[in-house]
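Asks: Make a model of the complete structure from these sequences and hints.
Chains A and B are the protein sequences, given in the same order. For the first sequence, the positions run 13 to 429 when the working numbering is used. For the second sequence, the positions run 13 to 429 when the working numbering is used.
FYI, nobody ran anything at the bench for these hints, they're computed from the structure. Wrong hints could be hidden among the right ones.
Note that identical chains are pooled: a pair holds if it fits in a single copy or bridges any two copies.
[Unchecked claim] No more than 20 angstroms apart at the CA atoms, straight line, and that leaves these computed lysine to aspartate or glutamate pairs for EDC-like:
#1 Lys273 <-> Asp129
#2 Lys273 <-> Glu151
#3 Lys261 <-> Asp88
#4 Lys261 <-> Asp129
#5 Lys273 <-> Glu194
#6 Lys261 <-> Asp232
#7 Lys273 <-> Glu256
#8 Lys261 <-> Glu246
#9 Lys273 <-> Asp168
#10 Lys261 <-> Asp394
#11 Lys261 <-> Glu235
#12 Lys273 <-> Asp88
#13 Lys261 <-> Asp106
#14 Lys273 <-> Glu244
#15 Lys273 <-> Asp106
#16 Lys273 <-> Glu246
One-letter residues, chain by chain:
There are 2 protein chains.
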Amino acid sequence: MSVRAGILVTGTEVLTGRVSDRNGPWLAESLRQLGVDVGQIVVVGDRPQDLRAALAYLAAGHDLVITSGGLGPTADDLTAATVGDFQGRPAHLDEDLERRITVIVDRLVARFGGALDAQATAAGTRKQAMVPVGATVLEPTGTAPGLVVPAADHSDGPPVIVLPGPPRELQAMWPAAIEQAEVATIIAGAPQLRQTTLRLWGVPESELAAVLRRGGSALDGLEITTCLREGELEIVSRYRPDAEPAQQKLVTEVRGSFGEKLFSTGPTVDQIVASALNDRGWTLAVAEAALSGHTTARLAAALEGTEGRNRFLGGLVVQVPGARVPAEFTPSDDLTSPVAGQARSARAAFGADLGLGIAGPTGAEDGGAHVVIAVDSPAGLDITSFEVRGRAEFVRERASTLALHVLRRLLAQDPPG
Amino acid sequence: MSVRAGILVTGTEVLTGRVSDRNGPWLAESLRQLGVDVGQIVVVGDRPQDLRAALAYLAAGHDLVITSGGLGPTADDLTAATVGDFQGRPAHLDEDLERRITVIVDRLVARFGGALDAQATAAGTRKQAMVPVGATVLEPTGTAPGLVVPAADHSDGPPVIVLPGPPRELQAMWPAAIEQAEVATIIAGAPQLRQTTLRLWGVPESELAAVLRRGGSALDGLEITTCLREGELEIVSRYRPDAEPAQQKLVTEVRGSFGEKLFSTGPTVDQIVASALNDRGWTLAVAEAALSGHTTARLAAALEGTEGRNRFLGGLVVQVPGARVPAEFTPSDDLTSPVAGQARSARAAFGADLGLGIAGPTGAEDGGAHVVIAVDSPAGLDITSFEVRGRAEFVRERASTLALHVLRRLLAQDPPG
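Replies: Written as structure tokens, this is what we have:
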């Protein structure tokens, strides 16, 4: 009954980890919204035999196969030809397409100051205009066209959607891909699939396992996965609409066991803080020490792109302990903690409703590794200290999550006066 | 002759894109350093039949299979059992291991304030201590043990290394995994494999394709992949040591065609800027407007963890145009551009050798979308403007790359006086 898609991500740069794959996850989420279940993602390098083996593997267990990457003008880009060959469709030159790509490439080359070798550039364009016979061309959103390549008549394999590697190009091409007739027919057969995320803060995974075991058969119909991430525990369920009662049972069980530690049945902590600031009409400013600007950048990004955009006013990042700082951030003697001073200075210097001060481990501590967070708000000054050990990258990521939970809890209280 | 490994990443959270996979790329790079070629990475959800199909697929074409994830205490964690079954090795309870995990879990649960359900917690621990007969246990680096599971005697399939999902745990367990006798024997057979990256700035991919075509058979023996990323073009070659002359030929060709646009034969632009600041003993401060702190965080991270750690002093992030800012950053009238004022204020307020000002699109521009970058240095004030269009996330990533290239070019010049 369910419709399953397999995703094939190509490119040695992805396989070797030089570029992290953004297409697989984006496609998986887009397909889920259409009710299509993603069974597997395979990442292969730019080697025809691996590409072909992966196509055969995915075609055998899925109703639809989607590839990303390998459509450029260089010789290592061989997805279109390999897919055509696999589907039993030899390539031919689409001269009209060649002309359309030429227009795009000429414009691009002109911007860089003219071609070094016009003939070789033309050869690259011609390569990109080679189309498997019987395939549908998806117009380029960069320079490379995409394709929908059905299996040749004598085969009953799934169609393959061939998309470019750059995420912007792939995403821009996606609407045309799912409108193509053969693809649309397959997607139309997909049932509705709901997905809900419960988020817990301060619960170990072993405790959650116990609760899920207790749920037993009342949770049948839910495909539950749990995931521990930056101190948060996520429980994701995917289910058909008729399993909604089981999902409600899950929420009841989890809330019954963990109470306020279940902080969300949907939105992320970033989104919760953004809406809470928005609801109150409050603004935020940050002063961050020894955490490489990570908290500042995360809060700025969290409050961007939502209604709350202007709720983040700004931040001061001081990386080196004892370094000179702008005058308004000079530590004052009347406060018990330098981080409290940061919070107060941030609030005053930017004229914000809330000032958040955060300081990472200085390397000078013996034994401990503390992240200290202070918030100066209309309700007063609040300071919390956390122990966080690990490499610098881990510490700064965790620190930003802690800052968001400190803000979340503060904003969950009634506003003063 | 080459030794090939296949990587199996498990977890619905990775498959659906809620968590981006950091293990596949990390393992691929670690294996490459050992001379082991990664053929394919497969991502599957927490479904036994998919996991088993992927194991069979990878075992058929690789000398070694490595899994990550699915070792937790919850019922959806089923990698150990599925791998054992696939390798023909039924599970048994390792009581000694169970005791060791119990110690770890008790400590963890105590930190969260005691177990809700000791019996269910114990059931989770027992599950984690089930080991396929004849497998080698890799000691837990979190709560979950890893495994090396050889194929049962009657099979000639590759051994499977089973590692936990959290990147910190997986990385900590890796040294033990490659020291295990069967794994070490396979790795010992791997030939040396070199990898070199050429980095170009300001070159379209079509031009590069032309140059590579001209190289022809002189480049035989190199596995070349090209990749366009944030305006940079990377050419990565992987080759056996005896193909070193071909690699030198490639460098000569690319340099001959693109000159100074070939800005690196190895280090990233982040690393180049870090060493250049270090060589001069210069420090940097930043003032950033309307780019969500991304440039500040990237520069801070780029200069962290290298010798140049203290070269980044700090940054001011102002998100909202026209908002109140600390007094020292108030725009002055004697400068032609607000961004020049940012650069100068950053340099002065933090007492740095270099001040970088950067401003993103304000949304108020009609037609254009400009990122303006100014650097105030001992050599004077330098301002550059770039057109960058796209979504906020894209603009802020590209802006930080532009800032690094502006710094790189400035630092490539002779220091003044």
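Asks: For every hint, state whether the structure bears it out.
Replies: Status of each hint after checking the structure:
no.	hint	result
1	Lys273 <-> Asp129	between (63 angstroms within a copy, 17 angstroms between copies)
2	Lys273 <-> Glu151	neither (49 angstroms within a copy, 31 angstroms between copies)
3	Lys261 <-> Asp88	between (52 angstroms within a copy, 18 angstroms between copies)
4	Lys261 <-> Asp129	between (67 angstroms within a copy, 19 angstroms between copies)
5	Lys273 <-> Glu194	neither (47 angstroms within a copy, 45 angstroms between copies)
6	Lys261 <-> Asp232	within (10 angstroms within a copy, 63 angstroms between copies)
7	Lys273 <-> Glu256	neither (23 angstroms within a copy, 58 angstroms between copies)
8	Lys261 <-> Glu246	within (17 angstroms within a copy, 52 angstroms between copies)
9	Lys273 <-> Asp168	neither (50 angstroms within a copy, 49 angstroms between copies)
10	Lys261 <-> Asp394	neither (37 angstroms within a copy, 63 angstroms between copies)
11	Lys261 <-> Glu235	within (14 angstroms within a copy, 55 angstroms between copies)
12	Lys273 <-> Asp88	neither (51 angstroms within a copy, 22 angstroms between copies)
13	Lys261 <-> Asp106	neither (57 angstroms within a copy, 35 angstroms between copies)
14	Lys273 <-> Glu244	within (10 angstroms within a copy, 45 angstroms between copies)
15	Lys273 <-> Asp106	neither (59 angstroms within a copy, 34 angstroms between copies)
16	Lys273 <-> Glu246	within (12 angstroms within a copy, 46 angstroms between copies)
Violated hints for the displayed structure, listed by number in ascending order: 2, 5, 7, 9, 10, 12, 13, 15.
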